[in-house]
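Asks: Hey, can you piece these two chains together into the complex? The hints should help.
Chains as they are written, first to last, in this note's numbering: chain A, 1 to 399; chain B, 1 to 260.
Treat the hints loosely; a few may be bogus.
Said to hold, decoys possible - Far from chain B, some chain A residues (derived; all Cβ distances over 12 Å):
#1 K18
#2 D64
#3 D126
#4 H155
#5 V249
#6 I260
#7 A294
#8 D301
Stated by the list, open to error - Just some of the chain B residues that point at chain A, by a computed CB distance under 8 Å:
#9 P11
#10 Q65
#11 G131
#12 L136
#13 L189
#14 G191
#15 P212
#16 T222
#17 V224
#18 I227
#19 P230
#20 E237
#21 A247
#22 V251
#23 K253
Think of the hints as simulated: they come from the structure by calculation, not from any bench.
For every residue, glycine included, the Cβ atom is placed at its ideal position computed from N, Cα and C.
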Amino acid sequence: MNIYIDAEKCTGCQLCVKACPYSAIQMAEGLATITEACTLCGGCVSVCPVDAIIWEAPAVEEVDTSDYQGVWVIGEVGEDGLAGVTWELLGKGRELAEDLNTELSLVVLGDEAGELAQKAAQSGPDRVFYAEDPALACYRTGTYTDVISGLINKHKPEIVLFGATEQGRDLAPRIAVRIKTGLTADCTGLEIDPEERLLVQTRPAFGGNIMARIITRNHRPQMATVRPRVMQRLQSQPEHGAEIVEVPVSFNETSIMTRIIDIAHDEAAGQVNLQDAEIIVSGGRGLKKPENFAIIRELADALGAVVGASRPTVDDGWIAPYHQVGQTGSTVQPRLYIACGISGAVQHLAGMSGADCIVAINSDPAAPIFEVAHYGIVGDVFEVVPALTEIVREELGSG
Amino acid sequence: MDIVVCIKQVPDTSEVSIDPETNTLVREGVPSIINPYDENAIEVGLQLKEEHGGTVTALSMGPPQAEEALRQALAMGCDEAILISDRAFAGSDTLATSYVLAEAIRKVDSYDLIICGKQAFDGDTAQVGPGIAEQLGIPQATYAVDVKVDENRIAVKRLLAGSFETIEMKLPALITADKHMNVPRHAGLRGVMAARKKEIPTWTLEDIEADPEKCGLSGSPTTVVEIFPPQRSHKTERLEGEAQQVARQLVEKLREAQLL
Ligand SMILES: Cc1cc2nc3c(=O)[nH]c(=O)nc-3n(C[C@H](O)[C@H](O)[C@H](O)COP(=O)(O)OP(=O)(O)OC[C@H]3O[C@@H](n4cnc5c(N)ncnc54)[C@H](O)[C@@H]3O)c2cc1C
Ligand SMILES: Cc1cc2nc3c(=O)[nH]c(=O)nc-3n(C[C@H](O)[C@H](O)[C@H](O)COP(=O)(O)OP(=O)(O)OC[C@H]3O[C@@H](n4cnc5c(N)ncnc54)[C@H](O)[C@@H]3O)c2cc1C
Ligand code: SF4
Ligand code: SF4
Chain A
1 MNIYIDAEKC TGCQLCVKAC PYSAIQMAEG LATITEACTL CGGCVSVCPV
51 DAIIWEAPAV EEVDTSDYQG VWVIGEVGED GLAGVTWELL GKGRELAEDL
101 NTELSLVVLG DEAGELAQKA AQSGPDRVFY AEDPALACYR TGTYTDVISG
151 LINKHKPEIV LFGATEQGRD LAPRIAVRIK TGLTADCTGL EIDPEERLLV
201 QTRPAFGGNI MARIITRNHR PQMATVRPRV MQRLQSQPEH GAEIVEVPVS
251 FNETSIMTRI IDIAHDEAAG QVNLQDAEII VSGGRGLKKP ENFAIIRELA
301 DALGAVVGAS RPTVDDGWIA PYHQVGQTGS TVQPRLYIAC GISGAVQHLA
351 GMSGADCIVA INSDPAAPIF EVAHYGIVGD VFEVVPALTE IVREELGSG
Chain B
1 MDIVVCIKQV PDTSEVSIDP ETNTLVREGV PSIINPYDEN AIEVGLQLKE
51 EHGGTVTALS MGPPQAEEAL RQALAMGCDE AILISDRAFA GSDTLATSYV
101 LAEAIRKVDS YDLIICGKQA FDGDTAQVGP GIAEQLGIPQ ATYAVDVKVD
151 ENRIAVKRLL AGSFETIEMK LPALITADKH MNVPRHAGLR GVMAARKKEI
201 PTWTLEDIEA DPEKCGLSGS PTTVVEIFPP QRSHKTERLE GEAQQVARQL
251 VEKLREAQLL
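Only chain B is shown next, with the shape it has when bound in the complex (with noise of 0.2 Å):
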């Protein structure tokens, strides 16, 4: 089975901060990573090709520099890697981003399994994969942490609040991977130097053919407007003392609340 993977590079979100005076980003040497959901979504990719045969390909949509994450999915044991990089993409929301990445999706030889990470770490909307589902109009299972294939038909177990929900669907069919879902394998040394000479192609707006009015801004109906910190609206009361004591404070202090 023929397999695609959308990976994103993202920044690692744990180093970003606002800066409260300017009320902007303050990254100072934050390193780009693979979002983390997205090396669930390649290692469940491989698994399933060392099961059922076929091919693991990467798609990015991103900068240049995005070949990277790329080159990481490559040395994890991606069969082929593409970067999906112009200019016109910039700014795109989640339509745009899953019209272009659906449309690049197009252009690859095969499919019958496209996989995405559950959300990404900055963005944050877990939109792009339902997205790209519906551009394509195939079936999709979200947080998903277990599949199975048998033939042309997935089964895939959902990770619900308080519950386990398992469909089953017709391929080819979208998931987006839980953390649930395995663990990521690390790239081995040989798997990293044969990724360092493998080419990936940069697909732009004209390969992949696609409408320069549906991508980048032009075709993002949503506009970040503003950009702000978090505000923290109270202040931390510490309770102190002796064990006992301080637990009596906090379970009175609760109950005044009307927490408990």
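Here chain A stands alone, though its shape is the one from the complex (with noise of 0.2 Å):
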């Protein structure tokens, strides 16, 4: 066991029996115990008022990192070039860069990954890696974790930062698991351990309930997929050239092991995409009925919104699945969100406090939706929504 209790400082206060969140902590005899159901997740062990929780980190043994060199952002591409999230990455990865002082590449890869790299060239990085080849044209986990793991093991990055996109957490866990070293998941904050020349990395876990902050100590690289819309992107210095690296890279389609046989934008279907939606317009069971959705929808096209959803609304098929925003639908960051008759529920909550305003429409003053809105109104959605819509239209000019 790595964790145990000091039965000389216990003093039985029971405070770690309830901050246990597997429920691994017994009271025997007036003091603590930690049975087999410990995970060794650390929850307990800063609660004790007399430090009586003895945590035993296993041995460090001293590892050679300054081989590593270097921060890398795995680039991803969109619509018309680089995706946002790369930027941002890019913007964050600089900063790092200069604090290590150090270097930022950046990785393309596509069947037109040579302009991209030309391109980005101008705006920022150190380096630009980039293959390109037409069986690199669409993202697929097999080919891109060839490629990358094979740079990576070539140049040797100290730290390599991906979008926590579906993009970026189908890839990176892979490329970890390939190069044996640590992926810290959906990272909200990045930031250097000048001593140790550490990556701190601060990540929400339980649903949004509570944050961590992680290191890979003995590893290289060090790794992290980051979620989008919280860094600032890089401003663009055009001054700036970057060197330009072509990887060489070969494919037998034969040998990949997945074939892509559609990709379809499904709308019909009800497929919204919530993800990069700039403003989320939700409704919830507050709305009373399913045809009541329409003053939601009227709001977000005066908006130019997109319309999301709480559970029990898609459970009760008021409205398709994909709106269904939350800790098992989507995980949402828009730049406004406004909640129409939903309560606030931390299951709703863990898919969409991230927006930068949140805005609740609730009659009950003391929906916990309140607790982390922007701006709260206490009204009747059915007087206050469309009231709304109406200037939306008046100010904006639209519909």
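Replies: This is how it looks when you write it as structure tokens:
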């Protein structure tokens, strides 16, 4: 066991019993004992007022990490050029590279990666690696893992950042396992500990109820997926020319394990792009009837927004499933989120509390949604929402 | 076809919170549940078995009480359930977890398809599924909402932001199940009774012949050094008055903040 309770110190206050999310601490003869259920999550250690919970970190073997240099960003290609999240990663990557006094590199893959590399080279990174091949036209787990793992093994960066997007979250864990290093998921904060030259990664867990700081001490590179829309984009630096490095690749289509058969933008099936939405207007059970989603749609149309929904409205068939926001729906990060007739249950908040600005419209002044809202309107959705739609139409001249 | 479903027992996060004074998790009677996405994983496994025959085996790595989750999987209709449990596994990050699960899967008689949930409610990383696939050197399809198996190939429809992508892979392969995939069945009384009688073997480090250096804390490159409650940096501004009035106020505020 790497965690135990110092019986000499324990006062039997039971604070740790309450703190353990896995019910792993029991009281025996007035003293706390840690049972087999413990997952070594560390949650109890700091709660003990008398420092009776001893956490023995595994022996730190000194690993020479000095071979590893530089900060890398794994680029993602969007509809026109590099995806927004890639610019955000470059912005953060530049900061980290400055703190470490090292270089910032970008990696781009695709069938027209050369052109993208040329463009990107004008605007920030010190080096751009690109691999161009028809087989790389669409993201595929296998091909991208092969190319990027190979590059990392060869050039040994100390930090590699991915977007915590569908692509990044599919790709990064494969690469981490292939090169046997740590990967921190869905980070919302990254900074350098200057003394140890370590990347300190902050991320939400337990559905956003807690934040954790995570480090990768003895393995390199230190890898993280980073939540989109959190970091500041890199301001383009036109005078700054980067070195461009072409990475030779060749593929044998028959040995690639997957084939893309179809990509459908299926609006008819109710598919919506909540993840990339700038503004979301969401409706909840406060709408009372399925047809009342019409007032939500009207406001959304006026604002050029996407319609979101709470889970019960989806479960009851008021709206198509893909509109659901929350822990078992989409995690969204819009600039503006307007919650209408939504109580603000933790599972809903888990999906939207990262919005830059939250507006809540709810008739119950005690609804928990008001605790996360920037602007709270206590009122009837059937009055406030249509009024808003009208004013937005007037002011923005839309609709 | 033989299917392995990986399930994780998790604390019901809707009841986990942070004590603002001590900065620690407050649990007090938080019940344990099967990770909700893993129920979708079990469901699709059972449906594929109904269609194509074969077996569904549920695996869970965790402390002894994870047996409850496995018992529930049996009650839903899984044929076998195996608990992967050893002190040496405690503190595993996703690299170590996927290593242990992959070693256990190698010990299962045969497998054509491995199904995981999209992500776990507690750790929330979504890294274990792809990790297992890489450990085993098989292809993967994450965010699956539909599957069709034809002999030794599987076509998987993936739910992406604003689109569906359908990819085809050779079996054996791994998929991670989205919630939109299906509605998990409830275990019937017969299932619950039958599950009660079934034996759930426990496989230890030795049983799966895993390298202790690659498990638990020693096999985990990442370390959680601190946990704390999410900070709330803003106050709520309440807007009051007639609907028209508050609506106008709000639009003005949003314009000032350049949100419109
Ligand atoms: C495992 C699990 C996963 C879950 N995942 C999700 C998820 O992903 N997303 C999600 O949303 N939920 C999820 N839930 C459900 C969640 O716990 C809540 O039940 C749900 O979010 C509540 O939805 P609601 O706010 O629309 O409804 P309610 O909680 O019923 O709230 C309705 C609100 O409308 C207000 N209201 C009523 N009439 C009016 C009116 N005329 N004008 C203004 N306001 C009015 C009420 O005051 C109330 O606050 C999950 C639950 C579990 C157990
Ligand atoms: C606060 C906190 C933050 C953490 N952050 C990180 C991090 O950033 N990086 C990291 O590497 N580790 C992290 N960990 C450790 C991580 O939670 C554990 O490794 C955990 O065992 C698996 O990760 P997960 O819960 O995210 O599972 P996910 O990868 O989200 O699980 C996906 C699916 O994999 C399967 N699965 C997962 N675990 C098991 C299991 N034990 N048995 C059977 N099937 C399973 C299930 O099908 C599940 O639906 C963190 C732990 C804590 C407490
Ligand atoms: S380390 Fe985590 S699981 Fe273990 S006793 Fe402490 S809080 Fe509970
Ligand atoms: S918090 Fe510390 S003193 Fe209190 S019961 Fe737990 S170990 Fe003992």
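Asks: Could you run down the list of hints and mark each one as holding or not?
Replies: These are the hints, each one checked on the structure:
Against the 12 Å criterion, A/K18 falls within the reach of chain B, whose nearest CB is about 5 Å from its own CB. With a least beta-carbon separation of about 15 Å from chain B, A/D64 lies farther than 12 Å from that chain, consistent with its non-interface assignment. For A/D126, the requirement that its beta carbon stay farther than 12 Å from each beta carbon of chain B is met, with the minimum near 27 Å. In this structure A/H155 is separated from chain B by more than 12 Å, as the shortest Cβ-Cβ distance comes to about 19 Å.
The claim that A/V249 lies off the interface holds: its Cβ sits roughly 19 Å from the closest Cβ of chain B, which is beyond the 12 Å cut-off. With a closest Cβ-Cβ approach of about 5 Å to chain B, A/I260 is found to fall inside the 12 Å limit, against its non-interface label. Every CB of chain B is more than 12 Å from the CB of A/A294 (nearest about 17 Å), matching its label as outside the interface. The claim that A/D301 lies off the interface holds: its Cβ sits roughly 14 Å from the closest Cβ of chain B, which is beyond the 12 Å cut-off.
A cut of 8 Å between beta carbons decides the hint on B/P11: the least distance to chain A is about 5 Å, and the hint holds. A hinted interface residue such as B/Q65 counts as satisfied when its beta carbon comes closer than 8 Å to some beta carbon of chain A; here the least separation is about 6 Å, so the hint holds. With its C-beta approaching chain A no nearer than about 5 Å, B/G131 sits inside the 8 Å limit, and its interface hint holds. For B/L136, the interface hint is violated, the least distance from its beta-carbon to any beta-carbon of chain A being 10 Å, above 8 Å.
Below 8 Å, beta-carbon pairs count as interface contacts, and B/L189 has none with chain A, the closest being about 24 Å; its hint is therefore violated. Of the supplied interface hints, the one on B/G191 is violated, with its beta-carbon coming no nearer than about 23 Å to a beta-carbon of chain A, more than 8 Å. Evaluation of the B/P212 hint against chain A yields a violated restraint, the C-beta minimum of about 12 Å exceeding 8 Å. For B/T222, the interface hint holds, since its Cβ comes within 8 Å of a Cβ in chain A; the closest pair sits about 4 Å apart.
The interface hint given for B/V224 is met, as the beta carbon of that residue sits about 5 Å from the closest beta carbon of chain A, less than 8 Å. With a least beta-carbon distance of about 5 Å to chain A, the hint placing B/I227 at the interface is held under the 8 Å criterion. Checking B/P230 against chain A: minimum C-beta separation of about 5 Å stays under 8 Å; hint holds. Taking 8 Å as the C-beta cut-off, the interface hint given for B/E237 holds, the closest approach to chain A being about 5 Å.
With a cut of 8 Å, the hint placing B/A247 at the interface with chain A holds, because the nearest CB-to-CB distance is about 4 Å. Here the hint on B/V251 is kept, as its CB sits about 5 Å from the closest CB of chain A, short of 8 Å. This hint holds: B/K253 has a C-beta 6 Å from the nearest C-beta of chain A, less than the 8 Å allowed.
Checked against the numbered hints given earlier, the structure breaks hints 1, 6, 12, 13, 14 and 15 and satisfies all the rest.
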